[in-house]
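Chemist: Going by our numbering, the letters in the sequence shown line up with residues -6 to 513, in that order.
Because the hints were derived from the structure by calculation, they are not lab data. Among the hints, erroneous ones may be present.
As the list claims (entries may be wrong) - Simulated pairs of lysine to aspartate or glutamate, EDC-like, Cα-Cα distance not exceeding 16 angstroms:
| hint | residue 1 | residue 2 |
| --- | --- | --- |
| 1 | 71 | 109 |
| 2 | 184 | 166 |
| 3 | 184 | 198 |
| 4 | 345 | 433 |
| 5 | 195 | 166 |
| 6 | 492 | 87 |
Note that the structure is predicted; figures quoted are calculated from it, not measured.
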Amino acid sequence: MASKAVLFSLWGGVVTPHLAQTFQKFEETTGISSENALYRLEKGKVTLTQMIPEFEAECQKVAADQGFSLPAQFSAQKLFSDIGQVEFNKPVLDAAAVLRRHGISTCVLANIWVDDTDQRDGVARILSVLESHFNLVVRSCYAGVRIPEPDIFTSALEKLALKPQEAVWLDVDEESIKAAESLGMTAVQVKDITEALKEIQKLTEIEVTGDLQPPSCDPENVSHGYVNIKPGVRIHYVDLGDGPPVLMCHGFPESWFSWRYQIPALANAGFRVLALDMKGYGDSTAPPEIEEYSQEQIMLGIPQVILVGHDWGGALVWNMAQFHPERVRAVASLNTPLFPVDPKTNPMEKLKTMPIFDYQIYFQKPGVAEAELEKNLERTFKLMFIASNETVSFLSGLFVGSLDDPPRSAILSESALQYYVQQFTKSGFRGPLNWYRNGERNWRWMCSRPRGKIMMPALMVTAGKDPVLLPAFATGMENLVRLPISFSSSLFRPAELNKILISWLKETHQKASIPVHPKL
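Please construct the entire structure, taking both the sequences and the accompanying hints into account.
Modeler: Spelled out as structure tokens, the structure:
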């Protein structure tokens, strides 16, 4: 029988180094046992502020009784503040995310204390990461029991509504392994984290190692907000993380949810991520008037940010950087290059000469494409969200010859499909299609505005297999953007894309001397 839950020990399992290693080093240096004081602290008998003077007085007494002096740099406060600087085992966090996606409950048992000192940020960081990655976190200081006492395992299993035989315990400590096994749990002792996760894989029958998708953002477990950009029009956004703001702008036919793999990664890297539902999409206002979707009317109502856009969102962020540079700290675009504005050539006439953009001509007449795309939303999204090695007939905006019930692509989970269907049930395709109906209006507006070379930090990420926004379209961008950094990736390769974005964001803020404080 496959296991239904995996319980992880905090110290040595989820984070390193193990707590015991820190105190063992202290005991070797001073010759003083910290065991009794630490146990009282972890069981919640005292807070850290209460414990520190007691512990230091005890150390001074033991030292005096034994006829030696404590090191000049001795500080119990320093001992505990250093613990807050532990590193998370990212493979464990990734494995926990995979297990949760497959319906396996995850839990952390933590021998930890109530930190009420001025240096409590470290423990706050640990708890924040745990609560965002695991279904349940059991703290010894609140439970009144600590690992390896059996009651802490029993308490967790009761909260998870599971029998011991249905759960796996993972820890480095042999004593806790024996305690878990005595209750009937299966236990895995961590000697090498990769090998331990392979054991978890066997016991749960779920692939938790290898090239995995990064954790995704759950719509039910993230903060949602709204900003009024003008009377009667408000924009919905998802908000996660603390730090310098990064505003994510999606494309067609998407939603904030298209950034679901980027939001947690960027938040954990130390940024505040704001992922919009663009005007006309999801929970944002969807006015029917075509002119409401012109670039002149798309105002974000937020002070200076870094902008990241994809598809239509990419066009928007380039325009913001070019025409409202005072509002933009840096700009990044996925797939969509910055096209030069030619005052002599109407873009709609140019589109008619490029068969690759036939669908945009089809989108121009209000009501026509809406009827097709809204007829069967599941079918629409199955045909729109496909991998680069999958094909669909898409001629003049019509799904010519496509199946009535096409198979769902491997890149689109059933839950993601249903979320897109739910979102587009609210306002349909009128607003999203109106973005395409402002080509001439946008062109005239851009021609009337002063524009120079974009001088702020810029990132261009092309998708090698994008059938419409070809990488070749980015050729010559160096004439429009100062020193653009270019990479190749895709929203459909989220782990790779996250690395590119985080590296660029960190470098951009480092050069601007803006501090970034990663969670992980």
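Chemist: Work down the list of hints and note, for each, if the structure agrees.
Modeler: We went through each hint and held it up to the structure:
no.: 1; hint: 71 to 109; in the structure: holds (14 angstroms)
no.: 2; hint: 184 to 166; in the structure: holds (10 angstroms)
no.: 3; hint: 184 to 198; in the structure: violated (21 angstroms)
no.: 4; hint: 345 to 433; in the structure: holds (13 angstroms)
no.: 5; hint: 195 to 166; in the structure: violated (21 angstroms)
no.: 6; hint: 492 to 87; in the structure: holds (15 angstroms)
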